[in-house]
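Peer 1: Let chain C serve as the given structure and place chain Z on it in line with the hints.
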Amino acid sequence: MTTTGVSAQTGTVVAREAVRQVRSLVSEFFSDFRRVSPKGLVTFGDPADAEGADFLFRLEVKPDEYEQVVRATSTLERQYYFKYGVNFLIDVHTI
Amino acid sequence: MSAEREQAVLDEYRRSIEAKVASVDRFLEASWQAAQALLSGGDHLSLFAIQRAYYALYNASVETAKLLGMPLERYQAGSHHHETTDSIPHGQLPVLVVDILKVIFFQEVASGDISRPEQAFETARLLQKYRKRADYMGCERVSTESARECIEWARTLTETIWGYTKEHYDDDWR
Numbered sequence: 051m052t053t054t055g056v057s058a059q060t061g062t063v064v065a066r067e068a069v070r071q072v073r074s075l076v077s078e079f080f081s082d083f084r085r086v087s088p089k090g091l092v093t094f095g096d097p098a099d100a101e102g103a104d105f106l107f108r109l110e111v112k113p114d115e116y117e118q119v120v121r122a123t124s125t126l127e128r129q130y131y132f133k134y135g136v137n138f139l140i141d142v143h144t145i
Numbered sequence: 063m064s065a066e067r068e069q070a071v072l073d074e075y076r077r078s079i080e081a082k083v084a085s086v087d088r089f090l091e092a093s094w095q096a097a098q099a100l101l102s103g104g105d106h107l108s109l110f111a112i113q114r115a116y117y118a119l120y121n122a123s124v125e126t127a128k129l130l131g132m133p134l135e136r137y138q139a140g141s142h143h144h145e146t147t148d149s150i151p152h153g154q155l156p157v158l159v160v161d162i163l164k165v166i167f168f169q170e171v172a173s174g175d176i177s178r179p180e181q182a183f184e185t186a187r188l189l190q191k192y193r194k195r196a197d198y199m200g201c202e203r204v205s206t207e208s209a210r211e212c213i214e215w216a217r218t219l220t221e222t223i224w225g226y227t228k229e230h231y232d233d234d235w236r
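Just so you know, the protein sequences line up as chains C and Z, in that order.
Counting in the numbering used here, the first sequence runs from 51 upward without gaps.
Counting in the numbering used here, the second sequence runs from 63 upward without gaps.
Extracted from the complex, chain Z is given alone in its bound form:
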């Protein structure tokens, strides 16, 4: 392959990655806006507000794994559906989030402080439980105050993960 052709392939690849990052950015912003709009609808919509926050965390985490080169196979639990869609089952999101936090806060974890990964697991699992009920026509109600707190936790965790990813995914090109 000529040097020019090689550069063109690299440029095209870079553009596709940048487009993916931009699409995740747009999705996350829309997710937070949707969550806030649903929150303003009262307690009977709070479950669905959390559902939007959950999917923000889910998609940011799965895209992070791909961009940082973390193999998804170990989270797919042998699920053919998730292998073919390049995604993970929801029950594995807390595990993936823990592993991402271990990368981001490597020094803390190496020194024996795993409080952030532990907190992240619990946040992801909490959101997953609410999301499961929302997805499966659950009639459970969550107070607006509690939902707002969950969404804030989700946003902090998502922005930690996605912020790190945007800073580090393209180190090789700098």
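For reference, chain C alone in the conformation it holds in the complex:
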């Protein structure tokens, strides 16, 4: 268990729900970026790469969107942590 009480190894149901919620949040937050990933913006990352965060998500963006998305996802993660106590990480890559 992590400090927030959510395990990175949590069962599939919780993971799916987290993915659904984060996809929804990110879609809402980045309405301008809906086109960036063929898989629907966010994919669920390997917990082993989460660096101790509760969940890891992977987001692929175009190079000219990288800085803006890194900053915006950091804002989103901060809001989520202080609102729900869940520490998730969106790892932003360029494609």
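Don't read these hints as lab results, they were simulated from the structure.
We treat Cβ as the ideally placed atom computed from N, Cα and C, and that holds for glycine.
Please note that the accuracy of each hint is not assured.
[Unchecked claim] Simulated pairs of lysine to any residue, SDA-like, Cα-Cα distance not exceeding 25 Å:
id : chain 1 : residue 1 : chain 2 : residue 2
1  : C       : K133      : Z       : A172
2  : Z       : K228      : C       : D99
3  : Z       : K164      : C       : R108
4  : C       : K112      : Z       : R203
5  : C       : K133      : Z       : I166
6  : Z       : K82       : C       : K112
7  : C       : K133      : Z       : S205
8  : C       : K112      : Z       : Y198
9  : Z       : K164      : C       : I145
10 : Z       : K194      : C       : V136
11 : C       : K133      : Z       : R210
12 : C       : K133      : Z       : I176
13 : C       : K112      : Z       : S208
14 : C       : K112      : Z       : R210
15 : Z       : K164      : C       : V136
16 : Z       : K194      : C       : I145
17 : Z       : K164      : C       : Y134
18 : Z       : K194      : C       : T125
19 : C       : K112      : Z       : I176
20 : C       : K112      : Z       : G200
21 : C       : K112      : Z       : A172
22 : Z       : K194      : C       : R121
23 : C       : K112      : Z       : H106
24 : C       : K112      : Z       : S205
25 : C       : K112      : Z       : E170
26 : C       : K133      : Z       : E180
[To be verified] What follows is a list of derived Cβ distance ranges for each label pair:
id : chain 1 : residue 1 : chain 2 : residue 2 : range
27 : C       : Q129      : Z       : E66       : 53 to 61 Å
28 : Z       : E135      : C       : Q129      : 24 to 32 Å
29 : C       : G135      : Z       : A172      : 15 to 23 Å
30 : C       : K112      : Z       : A84       : 39 to 47 Å
31 : Z       : A172      : C       : K133      : 14 to 22 Å
32 : Z       : G104      : C       : K112      : 16 to 24 Å
33 : C       : A98       : Z       : F168      : 35 to 43 Å
34 : Z       : D73       : C       : A98       : 42 to 50 Å
35 : Z       : F89       : C       : F132      : 27 to 35 Å
36 : C       : Y130      : Z       : R67       : 49 to 57 Å
37 : Z       : A172      : C       : Q129      : 20 to 28 Å
38 : Z       : A92       : C       : K112      : 13 to 21 Å
39 : C       : P113      : Z       : E80       : 24 to 32 Å
40 : Z       : K228      : C       : Y130      : 32 to 40 Å
Peer 2: Chain Z only, in chain C's frame:
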């Protein structure tokens, strides 16, 4: 234990702590210099400039937790590697930084103002994301202007944390 022996042990302990503080000081100064040098190399080196600033914040925060007696276990997420190296996973740095800021700005937080811890979380997370790409051979580019801003935020936060620690870690000896 005789009084003399007890004093000698205390002196030795004090010297070891002072040596640790001095080594962190040197590391931080070298980190800021390295970040500035990399910044001058152009946009393709900016990611690595931020990486140096991130590690300054990381090491200052972890050493702060140790010197202020904050147990690291709650940030180690069960990681055996981090337990044995007396460190924390990078994804927990924003959480640790928040907790340190809550100590430093206790009165603000107690009155309901958590703006500083919130800002600190976001800064630490932003730096962590860039650092992760730099560590894992990412080819992402960051503009020099944006990197400079991130490094300034990192330095302000690091100096807030480390400055507080240097003033308070040895209260018992004063």
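Peer 1: Taking the hints in turn, state whether each one holds.
Peer 2: Each hint, compared with the structure:
1. Between K133(C) and A172(Z) the CA atoms are separated by roughly 18 Å; this keeps the pair inside 25 Å, and the hint holds.
2. This hinted pair does not check out: K228(Z) and D99(C) have alpha carbons roughly 34 Å apart, beyond 25 Å.
3. For the suggested pair K164(Z) and R108(C), the alpha carbons sit about 30 Å apart, so the restraint of at most 25 Å is broken.
4. About 11 Å separates the Cα atoms of K112(C) and R203(Z), which keeps this hinted pair within 25 Å; it holds.
5. Restraint check for K133(C) and I166(Z): satisfied, since their Cα atoms lie roughly 22 Å apart, inside the 25 Å limit.
6. Between K82(Z) and K112(C), the direct Cα distance comes to roughly 43 Å. Violation of the 25 Å bound is thereby established for this hinted pair.
7. A threshold of 25 Å between alpha carbons decides the hint, and for K133(C) with S205(Z) the separation of about 31 Å lies outside it, so the pair is violated.
8. Between K112(C) and Y198(Z) the alpha-carbon distance is near 18 Å, which keeps this suggested pair within the 25 Å criterion.
9. Pair hint K164(Z) plus I145(C) does not hold up; C-alpha atoms about 38 Å apart against a cutoff of 25 Å.
10. Between K194(Z) and V136(C) the alpha-carbon distance is near 20 Å, which keeps this suggested pair within the 25 Å criterion.
11. At most 25 Å may separate the alpha-carbon atoms for a hinted pair to count; K133(C) and R210(Z) exceed this at roughly 30 Å.
12. Pair hint K133(C) plus I176(Z) holds up; C-alpha atoms about 12 Å apart against a cutoff of 25 Å.
13. For the suggested pair K112(C) and S208(Z), the alpha carbons sit about 17 Å apart, so the restraint of at most 25 Å is met.
14. Using a Cα cut-off of 25 Å, the hinted pair K112(C) and R210(Z) holds, with the two alpha carbons roughly 22 Å apart.
15. Among the hinted pairs, K164(Z) with V136(C) is consistent with the structure: their alpha-carbon atoms are about 18 Å apart, no more than 25 Å.
16. Using a Cα cut-off of 25 Å, the hinted pair K194(Z) and I145(C) holds, with the two alpha carbons roughly 16 Å apart.
17. Only pairs whose Cα atoms come within 25 Å are accepted, and K164(Z) paired with Y134(C) is accepted, the gap being roughly 18 Å.
18. With a CA separation close to 17 Å, the supplied pair K194(Z) and T125(C) stays within the 25 Å bound.
19. Only pairs whose Cα atoms come within 25 Å are accepted, and K112(C) paired with I176(Z) is rejected, the gap being roughly 34 Å.
20. Annotation: proposed proximity of K112(C) to G200(Z) holds, straight-line Cα distance about 14 Å (limit 25 Å).
21. Pair hint K112(C) plus A172(Z) does not hold up; C-alpha atoms about 42 Å apart against a cutoff of 25 Å.
22. Between K194(Z) and R121(C), the direct Cα distance comes to roughly 14 Å. Compliance with the 25 Å bound is thereby established for this hinted pair.
23. The straight-line distance between the Cα atoms of K112(C) and H106(Z) is roughly 16 Å, inside the 25 Å bound, and the hint therefore holds.
24. With a CA separation close to 15 Å, the supplied pair K112(C) and S205(Z) stays within the 25 Å bound.
25. At roughly 40 Å between alpha-carbon atoms, K112(C) and E170(Z) are farther apart than 25 Å, so this suggested pair is violated.
26. For the hint pairing K133(C) with E180(Z), the CA-to-CA distance comes to about 11 Å; that is within 25 Å, so the pair holds.
27. One distance hint, 53 to 61 Å for the beta-carbon pair Q129(C) and E66(Z), holds here, with the actual separation near 57 Å.
28. The beta-carbon spacing between E135(Z) and Q129(C), approximately 27 Å, falls within the hinted interval of 24 to 32 Å.
29. A hinted range of 15 to 23 Å for the beta carbons of G135(C) and A172(Z) is consistent with their spacing of about 19 Å.
30. A hinted range of 39 to 47 Å holds for the C-beta pair K112(C) and A84(Z), which are about 46 Å apart.
31. The hinted window of 14 to 22 Å between A172(Z) and K133(C) holds, with their beta carbons roughly 20 Å apart.
32. Restraint check, G104(Z) to K112(C): a C-beta distance of roughly 21 Å satisfies the suggested window 16 to 24 Å.
33. For the pair A98(C) and F168(Z), the beta carbons lie near 36 Å from each other, so the given range of 35 to 43 Å is met.
34. At roughly 45 Å, the beta carbons of D73(Z) and A98(C) sit within the given window of 42 to 50 Å.
35. Between F89(Z) and F132(C) the Cβ separation comes to about 30 Å, which falls inside the hinted range of 27 to 35 Å.
36. For the pair Y130(C) and R67(Z), the supplied restraint of 49 to 57 Å holds, since their beta-carbon distance comes to about 54 Å.
37. The given range of 20 to 28 Å is respected by A172(Z) and Q129(C), whose C-beta atoms sit roughly 22 Å from each other.
38. For the pair A92(Z) and K112(C), the beta carbons lie near 35 Å from each other, so the given range of 13 to 21 Å is not met.
39. Between P113(C) and E80(Z) the beta carbons are some 47 Å apart, a value that contradicts the proposed interval 24 to 32 Å.
40. The beta-carbon spacing between K228(Z) and Y130(C), approximately 33 Å, falls within the hinted interval of 32 to 40 Å.
Taken one by one, the earlier hints fail for this structure at numbers 2, 3, 6, 7, 9, 11, 19, 21, 25, 38 and 39, listed in ascending order.
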